[in-house]
Every structure is written in C-alpha cells, then in structure tokens.
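K.L.:
If you want the building blocks of each chain, they are given just below.
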Amino acid sequence: MTDHPERFADLYELFRQAEVQLKQTEQIDRNLTIPAINELRYVAFHLLRALSEQDSTGFDADIERAENHAKRAIYDATEASILSLLEKAEAYQSDFKNLECTTEVLPNYVDLLNQLERIRCGVSDVRASDELYLNRQQYYPQVLKYIDELKGLVATFEQADPLIRIKSRKRAIQFLLTVLSVFAAIFATVVSIGLHFL
Amino acid sequence: MRKQLDNASRWRLKNMRFLLYPFRWPEQSSQSALIGADETATRALVARLAKGNVLLQAGRYQTQDQLNERADRMSAHRFIDNTHD
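Heads up: the sequence lines are chains A and B, in that order.
Going by my numbering, the first residue of the first sequence is number 1, and it counts up by one from there.
Going by my numbering, the first residue of the second sequence is number 1, and it counts up by one from there.
Hints listed in this document are in silico derivations from the structure and should not be mistaken for laboratory results.
Keep in mind that the hints are not guaranteed to be accurate.
[Said to hold, decoys possible] Sample of chain A residues facing chain B (criterion: CB under 8 Å; computed from the structure): (1) Lys23; (2) Glu26; (3) Leu32; (4) Thr33; (5) Ile34; (6) Ala80; (7) Leu83; (8) Leu113; (9) Asn114; (10) Glu117; (11) Leu163.
Idealized CB from N, CA, C, for every residue including glycine.
Using the sequences and the accompanying hints, generate a full structural model.
P.N.:
Written out as structure tokens, the structure reads:
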C-alpha cells in the first residue's frame with residue numbers, strides 16, 4: 001500500500017475535487033446529484049479492491065478505474081451545475097427577448113448569447129454520442145472551465161434584470177399616459193364641438 | 001385590409017407584453033410542478049427515511065433520468081441562431 005503513495009495522492013485530489021463540485025452543485029442547483037454520488041461509491045469499491053490486490057498489475061488497474069470514476073463524478077456534478085445555470089440564462093433570455101431596452105442596458109447582449117451558445121454546444125457535444133458520453137471523464141477539465149464563465153454570465157443577467165424592468169416600466173407608463181392624453185384630447189374636442197352646436 | 005388587421009393585432013400584442021412585463025410576479029420555481037404524483041410520493045418517502053443530508057430530507061435530488069431529460073431539453077434550445085451550424 002505505501003509503495004505507491006503518489007497514486008493515492010492523485011486519487012485523493014480527484015476525490016476532493018469531486019466533493020467540491022458536488023457541494024457547489026448543491027448550492028447552485030439546490031439538488032443532490034445522485035449519478036455523481038454513485039460514481040464516488042464505485043471509487044470506494046475500486047480503491048478497496050486495489051488495497052486487497054496481491055500483484056501490482058491488478059492494483060494499477062483498479063486505481064486507474066477508481067480515478068476514472070472520480071473524474072466522472074466531477075463531470076456529472078459539474079454538468080448538473082452547468083445545466084442549472086444555462087436554464088437560468090434561458091429564463092432571462094425568454095424575458096428579455098421582446099424588450100427594446102435590453103440592448104440599452106446590455107450593449108454586449110449578443111456577445112453574451114454567443115458565449116452561452118458556445119458553452120451549451122460544448123456540453124451537448126459530449127452527449128451527442130454514447131461513446132463520448134461513456135468516456136466523459138476525459139472532458140472534466142473542459143467543463144470545469146465553463147462553470148466560472150457561466151456564473152459570470154448569469155450574474156450579469158441578474159444585475160441587468162431590475163434595470164431593464166425599471167426602463168420597461170417607465171416606457172409602459174409613458175405609453176399609457178400618451179394614449180390617455182390622446183383620448184382626453186379627442187374627448188375634449190368632441191365635447192367642445194357638441195357644446196358649440198348646442 | 002386583412003394583412004393590415006393582422007399587423008395591427010401583432011403590434012397590439014407586442015405592446016401589451018411590454019406593458020405587462022414590469023408588473024409581472026417573479027416566477028417561483030416549484031419542484032412539485034415539474035414532477036408527477038408518483039415521483040412526489042417517492043420523494044416524500046425518501047425525505048421521511050433520509051438522515052443527514054438536508055436536500056434528501058427536502059426531497060431535492062435528481063436521478064440520471066432527470067439529468068438526461070434536462071440535458072436533452074437544453075440540447076434542443078438555441079441561445080442564438082447560427083445558420084452556419
């Protein structure tokens with residue numbers, strides 16, 4: 001066991017990262033991601049099997065399998081966070097799309113959408129084929145990079161939302177006042193004409 | 001004439017939507033609205049038996065199937081239409 005401390009150090013680092021991502025997903029998505037937890041169960045299984053192995057070949061194979069499961073746990077937890085953030089961005093996009101003042105508050109709105117689309121494609125491409133998805137552990141560094149970027153994008157939308165609402169409300173009130181004043185003018189004209197003929 | 005009436009009604013609808021948007025009630029996410037009755041019963045059972053994790057006790061967890069559904073839905077969405085995809 002103590003002949004391969006570096007293998008355990010690597011596995012420990014991956015497991016720790018998986019724990020961090022799981023906790024982050026709990027905070028972002030407010031859901032426990034069962035697939036990621038299952039992967040950590042398999043890590044434990046392969047680790048214990050490796051520890052009970054008599055020869056180094058079996059030990060290496062089991063440690064490698066444990067590492068792959070830990071990487072998959074990182075991927076699954078991170079993917080859940082990414083999906084949750086993309087859904088929030090989608091909800092904002094749906095609210096903003098018919099409003100003129102969106103581009104006044106967010107002049108780079110189109111760039112933000114392009115970034116979101118790039119991240120969405122990055123995650124969807126892995127799921128595009130069964131083979132890629134079964135070997136998703138190799139993509140875990142890529143999805144980790146997406147998380148910080150996505151958090152920034154969703155935070156931008158969250159900050160812009162009240163400003164867009166305030167501008168929309170002002171425009172709505174101006175529009176209503178304009179319509180009311182036009183009706184009032186027409187009414188006044190009709191009344192004055194009516195009084196004139198009386 | 002019909003085309004003008006259609007254009008006028010689209011204009012009214014567009015302006016009505018922007019009139020209503022500032023006064024909308026923020027949407028509350030409701031887990032129970034998204035899952036069926038059987039699933040709700042399962043989550044209630046998990047919540048009753050779970051100890052330790054508050055999310056499990058609240059019935060807030062997602063399975064592989066639910067994750068796949070969300071991923072499929074997001075795959076179908078486009079934030080921006082790139083015609084040269």
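K.L.:
Hints first: check each against the structure and report whether it holds.
P.N.:
Hint check results:
The closest approach between the C-beta of lysine 23/A and any C-beta of chain B is roughly 11 Å, which is over the 8 Å cut-off, so the hint fails. A hinted interface residue such as glutamate 26/A counts as satisfied when its beta carbon comes closer than 8 Å to some beta carbon of chain B; here the least separation is about 6 Å, so the hint holds. Nearest Cβ of chain B to the Cβ of leucine 32/A: about 4 Å, under the 8 Å cut. The hint holds. A distance limit of 8 Å between C-beta atoms decides the matter here; for threonine 33/A the minimum to chain B is near 6 Å, and the interface restraint holds.
For isoleucine 34/A, the shortest C-beta to C-beta distance to chain B is roughly 5 Å, which falls under 8 Å, so the interface hint holds. Hint status for alanine 80/A: holds, given a least beta-carbon distance of 6 Å to chain B, under 8 Å. Look at leucine 83/A: its Cβ gets to within about 5 Å of chain B, closer than 8 Å, so that hint holds up. A distance limit of 8 Å between C-beta atoms decides the matter here; for leucine 113/A the minimum to chain B is near 4 Å, and the interface restraint holds.
Because the beta carbon of asparagine 114/A sits about 6 Å from the nearest beta carbon in chain B, less than 8 Å, this interface hint is met. Satisfaction of the interface hint for glutamate 117/A is found here, the shortest Cβ-Cβ separation to chain B being roughly 4 Å, below the 8 Å cut-off. Contact between leucine 163/A and chain B, as hinted, is not supported at the beta carbon level, the nearest pair being about 11 Å apart and thus beyond 8 Å.
In this structure, the hints that do not hold are numbers 1 and 11, in rising order.
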